[in-house]
Amino acid sequence: NAKTLKCQTVINAKADEVVMLKDFGQTVSELTDGSIKFEILPAGTVVGVKETLDAVDKGLIDCGFAWTHYWSGEHPAAMLFGSPVAGAGVGIDNIAFLSWFQYGGGKELYDQLWKEMKRDIKGFMLQPVGPEALGWFKEPINSMADFRKYKFRTPPGIPGQTYKDIGVASVAMGGGDILPALEAGTIDAAEWCCPKPDSVFGFQKVLKHYYLQGLHQVVVNADLYVNGKVYRAMSKREKKAMEVAANASLSKAMSYRIYENGKALKFLTEEAGVILHDTPADYFPAYMAAAKASLEKNAAKNAFFKKVWDSQKEFADIAVPFWSGAQMSNAKLGMAHAATLK
Amino acid sequence: MAEEPTKLDISDEMIAERRSGLGKMPDDMPKWMASLITKIDLFSKWVGNVVCWITVPLILAMTYEVLARKLFTAPTMWAYDMSRFLYGALFMLGAGYALSKGVHIRADFLYRNFKVKTQGIVDFWLYIIFYFPGLLVFFYMTVGFVQESIMRSERGMDTAWMPYMWPIKLCLLIGIAFLLIQGVSELFKSYWAATRGKWPGESK
Amino acid sequence: MLAELIDPAILGFILIGVMLFAIFVGFPISFTLIFLGFVFGYLGFGHLVFYLMTLQFSMVMTEQTLAAVPLFVFMGIMMEQAGLMERLFSAFQLMLAKVRGSLYYAVLFVSVVFAAATGIVGASVTILGIMAAKSMNKSGYNVRLAAGTITAGGTLGILIPPSIMLVVMGPIMEIPVTDLFAAAIIPGILLASLYAAYVTVRCWIDPSLGPVLPVELRATSMKAVWIEFFFGLVPPALLVFAALGSILFGFATPTEAAGCGAMGSLLLALGYKKLTLRKLQDALVKTLEISALIMVLVAASNFFGAVFARLGTPMLLTDFLLSLEMNKYIILAIVMAMIFLLGWPLEWVPIVMIIIPIILPLIEALGFNLTWFAILVAVNLQTAWLSPPVALSAYFLKGVVPEWDLKDIYIGMMQFMVIQIFGLILIVIFPKIALWLPLYLYGQ
Ligand code: NA
Ligand code: NA
Chain A
1 NAKTLKCQTV INAKADEVVM LKDFGQTVSE LTDGSIKFEI LPAGTVVGVK ETLDAVDKGL
61 IDCGFAWTHY WSGEHPAAML FGSPVAGAGV GIDNIAFLSW FQYGGGKELY DQLWKEMKRD
121 IKGFMLQPVG PEALGWFKEP INSMADFRKY KFRTPPGIPG QTYKDIGVAS VAMGGGDILP
181 ALEAGTIDAA EWCCPKPDSV FGFQKVLKHY YLQGLHQVVV NADLYVNGKV YRAMSKREKK
241 AMEVAANASL SKAMSYRIYE NGKALKFLTE EAGVILHDTP ADYFPAYMAA AKASLEKNAA
301 KNAFFKKVWD SQKEFADIAV PFWSGAQMSN AKLGMAHAAT LK
Chain B
1001 MAEEPTKLDI SDEMIAERRS GLGKMPDDMP KWMASLITKI DLFSKWVGNV VCWITVPLIL
1061 AMTYEVLARK LFTAPTMWAY DMSRFLYGAL FMLGAGYALS KGVHIRADFL YRNFKVKTQG
1121 IVDFWLYIIF YFPGLLVFFY MTVGFVQESI MRSERGMDTA WMPYMWPIKL CLLIGIAFLL
1181 IQGVSELFKS YWAATRGKWP GESK
Chain C
2001 MLAELIDPAI LGFILIGVML FAIFVGFPIS FTLIFLGFVF GYLGFGHLVF YLMTLQFSMV
2061 MTEQTLAAVP LFVFMGIMME QAGLMERLFS AFQLMLAKVR GSLYYAVLFV SVVFAAATGI
2121 VGASVTILGI MAAKSMNKSG YNVRLAAGTI TAGGTLGILI PPSIMLVVMG PIMEIPVTDL
2181 FAAAIIPGIL LASLYAAYVT VRCWIDPSLG PVLPVELRAT SMKAVWIEFF FGLVPPALLV
2241 FAALGSILFG FATPTEAAGC GAMGSLLLAL GYKKLTLRKL QDALVKTLEI SALIMVLVAA
2301 SNFFGAVFAR LGTPMLLTDF LLSLEMNKYI ILAIVMAMIF LLGWPLEWVP IVMIIIPIIL
2361 PLIEALGFNL TWFAILVAVN LQTAWLSPPV ALSAYFLKGV VPEWDLKDIY IGMMQFMVIQ
2421 IFGLILIVIF PKIALWLPLY LYGQ
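Chains as they are written, first to last, in this note's numbering: chain A, 1 to 342; chain B, 1001 to 1204; chain C, 2001 to 2444.
A hint or two may mislead.
Below, a sample of chain B positions facing chain C; criterion: calculated Cβ distance under 8 Å [as the list claims (entries may be wrong)]:
id, residue
1, T1076
2, L1110
3, G1134
4, Y1191
To be clear, the hints were calculated from the coordinates, so they are not data collected in a lab.
Owing to the predicted nature of the structure, the values given are computational and were not obtained by experimental measurement.
Heads up, the beta-carbon is just placed ideally off N, CA and C, and yes, glycines get one too.
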């Protein structure tokens, strides 16, 4: 008895996230000998993007796909899974996050997140999609003082609030408004995602100064939400297939995006006339301090938020010194190669 | 007929089937019915006269945001969310008032040529078959929707301001309630038109 | 459940048929769509449809770009109350007093200006309706041609940038929105010119369609004309250009520009000493009525479209098309015809959201330029606003000009729908109409 699960995303059908989501669906389908198939519906097909989680919970669609922090309006802790600001304030990067998620107790807390939201949902973490760039600027910035001169389109939620906290004129704006607003000068700078999606978006046509190093969304994760009833009706084997395919997707998505972003960055700098800059040094301490303060404030207000963050901190105390130390040599090695290409 | 345009003063008469409403109910109408219709219509009119002022803060919020951002590089946290909430509240809370004025558009090139009695019959039965079942279900589902939003302390996730979502969702619920209340008045009016061949409260 | 007997996608086709029948009975369209959506949704996928309704309304209520609707409506009413629009039209009429159909040109001119100031159709059509209909009626214009000019002119708002539709289409097709904006400008002007040419020819053949001003109403001196021109044309033009300019020169997003425009109209009315508390209250009440009318209908048709999509009917249609193997221009023609046909019962939103992503691989495989294709779709979807019976612009116009028969509005707008198709064919034959400007501005 083959089942076709209707799965609505919050993005358009051609985004890289959807490419990888379809790959995941294909894997599940093959592992189950076709007893589970996915029909991927683009954003807005059945319900609006913001109503996606609600629609999955009710069963209006069988599953939904977004980034975990997309739902931080429903529970502040969603941010800690989808885009822990400034690496959860304790230096967790995308790979370290996976380590926490799979072996540091993250997955159990993630399952609990949906219960905290009182949603009947089974979630699957599928795709690390970060790290995200600081963003695009009209003029080069050399210090936080420069940064504060510009009206900057920030991500919503705590990452955006944190910019406000460090004195940046942060502007809220839907995706569709950004480019016209930049052209018109309504805003002077903006962040979106990473080289590939940014180049598709077309920032390079309006702004030429690009900063890769940013802290607001060092870690970003996209995930799948399956309606609880639908999930419980699956056979043991089907459930296992979902789990195995999800784990495979975590690694494949990261691999896919390193290459895709690399190609896009090459296009941007070599063909589109984009100039890549290092982020001003005083940005990092300022943003990290503000992020940490904001995390502490949220932890004081919400018990589950505190629980998740404590777990991340505990993990970070053990793993980050090793991982960042090892990453340091990786980064130096890589930068040395990048330098030979100039 | 359309070929001979009538004199039009837009500032008096703007909406297609706009009813003057609030006219005197016929003398032979049962007292309770007349009083019910009059009270509901008055209520909706009052609601409309209050709700319409929402446009003013909407204008002010947008103008303030532009000036603050352009002149002082000080964009607000709230203007984006406030603008959509004010707009959403405006049209939904005003939907019942709009019904009392008969402005919800009909494909009426057949309907308008019906006898008043036929119009009344169509309206009466479709209020019973289409309108009330549809809106009652809508109302019931929205009660749960608002309750959940309050229970979850749900916040908007489009801006750094992250406002609570329940007030705007509550406006949806109240808006449906206003529609249902006004629907009762319309139902009785169409009943009258169906049985007596005259719209109550209308001079025409 | 019925879904076990009939493929839900087939149910969707029946739904269209029943809808067409039901709304002609004459009950308010919004509530008819809501009821039919419930019934067919329930037959197709059970009680879940009841959630869909609330979710769709909630979505429309929190869509920030749509906040521009009441603002632009208020702006139009305020300008009307200040008597400026009458002056603008009378100025046009006086200047072109001996020109047949001068008010048609005025409508088209104002349409293009408005289209450049807003990305929304509803507001444009209502404002144009409020502004133009009174003058047109007084001057004895042909109702059908007048209604067609206003509705067609109003739909330019969704093509000429800023356009919400293009903003939505860009990311879906992976084309920068700026490219789409640049590509839409010349087609928009082309269409406006085609409308003007059509009106000219019709008035030339039959002068009674757009009579010249009666002698006794013409200006006695050129001085009077210039005064009328100055007071009629300059202030509203300044205001509209301020709204447009605040987008172009970086003061505001379209919704904010709408807010500033509303504030400007308020100040203008104040300056002309036409503003009293009573008039303000009147304007606000009318704004409320029109906004409620437009937005409840938009929300209801969104719900209806969502039911349709959830039933799977559009996918069925597309799959069938993809299974045919034919010449690429024939496939393009079929795709265009399908979008055109779907534009009858649906709004552009579900069409863009559902059809485009599915059809896109096919278009890419056929080697068509995507920006060009996007503009074809945009012009095509403009006709969705002009194709009865679910032709929102007809209802918007009817809302503000009650004494125009809906049938006449339908007939009027369908004439312009034909011009629209003619324009579409021109862009197919001469892709440069769309592609020259983005190429010139941004290079390859
Ligand atoms: Na436009
Ligand atoms: Na249509």
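Hint check results:
Interface hint at T1076(B): violated, since its Cβ lies 11 Å from the closest Cβ of chain C, which is beyond the 8 Å cut-off. For L1110(B), the shortest C-beta to C-beta distance to chain C is roughly 6 Å, which falls under 8 Å, so the interface hint holds. Here the hint on G1134(B) is kept, as its CB sits about 4 Å from the closest CB of chain C, short of 8 Å. Interface restraint check: Y1191(B) against chain C, minimum CB-CB distance 15 Å, threshold 8 Å, status violated.
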